[in-house]
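Line by line, the protein sequences give chains A, B and C.
Under this note's numbering, the letters of the first sequence match residues -7 to 350, in that order.
Under this note's numbering, the letters of the second sequence match residues 613 to 923, in that order.
Under this note's numbering, the letters of the third sequence match residues 685 to 1119, in that order.
Calculated from the structure, these hints are not laboratory results.
Even glycine gets a Cβ: it sits at the ideal position worked out from N, Cα and C.
The reader is advised that the hints may include incorrect statements.
Stated by the list, open to error - Chain C regions said to be covered by chain A (calculated; three or more residues, Cβ under 8 Å):
#	segment
1	752 to 762
2	788 to 796
3	1035 to 1044
4	1052 to 1059
5	1104 to 1115
Stated by the list, open to error - What follows is a set of in silico ranges between Cβ atoms, one per label pair, in the way DEER data are often shown:
#	chain 1	residue 1	chain 2	residue 2	range
6	A	W145	B	Q757	24 to 34 Å
7	A	L308	B	G891	39 to 49 Å
8	C	K882	A	V319	57 to 67 Å
9	C	G884	A	I312	56 to 66 Å
Given next are the chains, with one letter for each unit.
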Amino acid sequence: MFYREAGQFKNTYHADQAIFPIIQDRWFMALVLLVAFVVIPLWANEYWFQAVLIPLYIYAIAAIGLNILTGYAGQVSLGTGAFMAIGAYATYKLCTAFPDLNILIVFVISGFFAAGVGIVFGIPSLRIKGFYLAVATLAAQFFILWLFNKVGWFYNNNPSGTITAPPRELFGIMITGPEAHALTRYYVSLGFLSVMALAAKNLVRGRVGRSWMAIRDMDIAAEIIGIEPLKTKLMAFAISSFYCGVAGALFIFCWLGSAETEAFDIFLSFQIMFMIIIGGLGSIMGSIMGAAFITLLPIFLTNVPPMIGIPIATDLSKHIEEIIFGVLIVFFLIAEPHGLARLWQIAKEKLRQWPFPY
Amino acid sequence: MEFMENVFVLPFLDIADSPVFFLEVIISGLLSGVMYSLVALGFVLIFKASGVFNFAQGAMVLFAALTLVGLMEQGVPVVIAILLTALLMVVLAILIEHMMLRHLVNQEGIILFMATIGLNFILEGVGQIAWGSDVKKLDIGIPDQSFEYAGMLFNTLDLSAALIAAIMVTTLALFFQYTGTGRALRAVADDHQAALSVGIPLKSIWIIVWSVAGLVALVAGILWGTKVGVQFSLVLIALKALPVLILGGFTSVPGAIIGGLIIGVGEKVVEVYWGPAFGGAIEGWFAYMLALAFLMFRPQGLFGEKIIERV
Amino acid sequence: MKIRNLLLTAAGMAVCAVGIMESKIAAAEQFFPMLVYRTGPYAPNGIPVANGFRDYYTMINARDGGINGVKVSFEECETKYNTKLGVECYEKLKGKGATLFNPYSTGITYQLIPKARVDKIPILSMGYGRTAAADGRVFQWTFNFPTTYWSQASTFVKYVATQEGGLDKLNGVHIAHIYHNSAYGKEANPTLDALSEKYGYKLTKIAVDHPGQEQKAAWLQVRRKRPDWIFMSGWGVMNQVAIKEAVSTGFPMDHFVGNWWSGSEADTVPAGDGAFGYKSAALHGTGTDWPVIQDIIKHVYGGDMALAAENKVGEVLYNRAVLNGMFGIEAVRTAQGKYGNKQMTGEQVRWGLENLDISNAKLKALGMEGFTQPFKVSCKDHETGGPVAFQQWTGKGWQFVSDWITPITEVVRPMVEEAAAAYAKENKITPVNCG
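In isolation and in its complexed conformation, chain A is listed as follows (with noise of 0.2 Å):
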């Protein structure tokens, strides 16, 4: 969906192009970085912290890094877990060959060179399309991971075939390793987060994001009006794969600490795309909103029960709790198809010339 926001009127093109053109939304958005940069650094405990809120923000950022690619550019992929793979292994072979390199930096290198194999395994997208295409980001899913665990080279060959991250500072702060501190690797996650969704957003609107659009819509049709499907779809791949290799690379460093392959199974690439859905296709916020769904809301329901105090066996409570997260997501589908995002959009237009709705 693509249309000016209406309701308040502007008058400049200025005003008009602004990335929130809604004052609420503005207020909105000032307020969630205000909570997230402070309020809830001086709350949150640490199980808030490494449980919930930083996995929350990495797959905030591989969710958007698959929306660039599945929402915007319309190719479906299942090859996530994969392209987060190569980041993470990436940062680790920089990281422990150049150990004096600037970590944040290397982080963003990371991201390139999943870039460059999400380029790669996004050349079959000019042949084959829809479901089919699926195939293509399957092989890569199942080969990397399989030469990420074959390959001793790509863990320094140590015997238990794990990566494991080695304490890196930067300015005399601990940013990874076990010794950083909880609060610094959330700022961490929150920080590239905050850039990379505004980065998002900022090229989604412009003339990128527009081709992208165009080839998702009808691809034949975008080529007919000038635009070069090779190009536009092995950038969104390699934007796509970009967002996730940092993902990837923060998956490890800030959050799980070591891993080994299976960590970035299919089962995570599923779960990336569950994120995406739920929360909108073709939505930054809806990105994010779907990462808070997956990740908080079978959590929440785990600890529901012992907390209004009623003792049931664990096996029974995760059955019971996968229950209701399957209701939950069939339910929300029959509600609002298009996921968080629409359902956001909808309280947003009710609310814009409060208390009328427009």
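Given chain A, work out where chains B and C should sit, using these hints.
Chains B and C alone, transformed into the frame defined by chain A:
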């Protein structure tokens, strides 16, 4: 250099060295391929009739197998247990249509796909609450013995599975091609609204298709369950069906079979002869690479309907 | 539109409700966190493990009134064998005063090892996890006694030698290693390689892709290469399928040996009669004929054998969890010997683990004489190189078919120290001086 030799010379020498064994590898591949096809078939049926990529197919296999083995543990005779499970799969199809599909008519494919993911969670949860998560032995009397014939090793379970799959596919292919319901099914697959407007009862068609897919899941569950024991991991065999599905085309019943056979043979031959050169366990990604290679020439899958693009 | 409004309100309420969910365990109780997996693909293995821990802790409270008067409390958290869910469980249980973690999952163990040092909560990964952690100078907070994958692989080679008539007869014997293609499955490879060079047996390594329901290709290779012995490092569904495939390939089952994660009832029962004669490594006895298991049946199940059997009492993985539970309790008891009979902290439990001395007399007092072998942990050696026995499936249960075999330490230990040193260098850890 050694690597080049391992890839380009030794495997062929090996094959020439023992052609009987090569034949055995191919036959094993065909038989495994049939087992993949069984799972892929469930996906194809639903995709063909409702355009839904049913993520819950693996969970349906688990659910059917768990119910069957659970009933048998309660002392229900095999035949009755199978019939009861089949009945349950039909009831499940009706429930799915009533609670879910009915409300999602004419939505995009990806939305329906997501809904089946919700269904997947529900089925996994319900199945395990009812019957537990433990591994169970399933024995409905299919013989599971090995014998040697002409220097090759065969297993009766594999052969029975191939036979059952062949019967099932033939029946389904005929059903789709020659009955009125079959034609209506194909119309629904093309366009929900158009099918409704020419008077095809969409809802009952969906119930039929999901029931048939449920029965296919039951058969797959029986055969795989006999092979590996009934347990949660049955859900994961859906992954084995993915390359088959993509290769054969989402909408073709024969495609699911041929695709399964190609993938089965391809991955076994590659793993046995070329696996050692690469360090083994290459069949997982090889299946996708093979499918990818085929798709580069036929982007709609081997038997998929030709994609015609208009502006 | 109504349904949408409902959704918006519900979402708002949910956000508020999440805010209140932390609580602490009451004082004067020794809290044991339990990361369990009673659901998901590995549930058949996870259920007996979880039951074993739960029952041992319950029994200690019922029979002894706790550890020297300090009650044992515990809480389960479901991980589904998934590393990411494990993080949430770890943080939640850590906040409740955990002083010792038994992760029971390779991925979660790897993930917790670096954290243990910082959070000051020791990890006991009994017979799994990172083998290099046996070097206590680098991995001060991680313990993997009584023995490790690498030691186990060496005992397997020694076991084959006893069957073939001596270590010198190994030359020319053909051993295949069928392994789960993951970090865990590959653990035994370096040891088997090193020993192959030393003793001259031929080694073929066959990888099986995760999760391992389809192993035709692997077994075709077995058929072609015809190894004399097969060693398997499998887990979950891979084991069951491998045993079935071995049966239909006609491989002699008594030459097919699993590691200790590939030898439980869940692995052999689905294969039916064909599995008779299958062997696996073992760390402890099975069945219910041990005083400690009898105590559990008496105090936890009130003597109800049927209920006990339903809860997997006496199965391999159940008894392993009982043994593991005992290690934890005894570590606390050891620590209490130094710090007094009260609730121990993570650091104190670590001291207890490092000074744990499981002697024969102690095993007897615990009702575990002959159940497992004595060992003594030290600051330098967190593995102890304990012996491994081999057991065989008889159709009803497992039976020891070998003596306790000690690992080939002179080969394994240098490899452990090399790996630990590499880890220390990469992660900037200064090894402690064990004096």
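Going through the hints against the structure:
1. For the segment 752 to 762 of chain C, the stated coverage by chain A holds: 3 residues have a C-beta nearer than 8 Å to a C-beta of that chain, and at least 3 were required.
2. Coverage of the segment 788 to 796 of chain C by chain A holds in this model, with 4 residues showing a Cβ closer than 8 Å to a Cβ of that chain against a need of three.
3. With a cut-off of 8 Å between beta carbons, the segment 1035 to 1044 of chain C has 0 residues touching chain A; three or more are needed, and the interface restraint is violated.
4. Check on the segment 1052 to 1059 of chain C: 0 of its residues sit with their Cβ under 8 Å from a Cβ of chain A, so the three-residue criterion for coverage is violated.
5. With 5 residues carrying a beta carbon less than 8 Å from a beta carbon of chain A, the segment 1104 to 1115 of chain C meets the three-residue requirement, and the given coverage holds.
6. For the pair W145/A and Q757/B, the beta carbons lie near 46 Å from each other, so the given range of 24 to 34 Å is not met.
7. About 43 Å separates the C-beta atoms of L308/A and G891/B, a value consistent with the hinted range of 39 to 49 Å.
8. Between K882/C and V319/A the CB atoms are about 59 Å apart, so this pair conforms to the stated range of 57 to 67 Å.
9. For G884/C and I312/A, the Cβ-Cβ distance of about 57 Å falls inside the hinted range of 56 to 66 Å, so the restraint holds.
In summary, the numbered hints that this structure violates are 3, 4 and 6.
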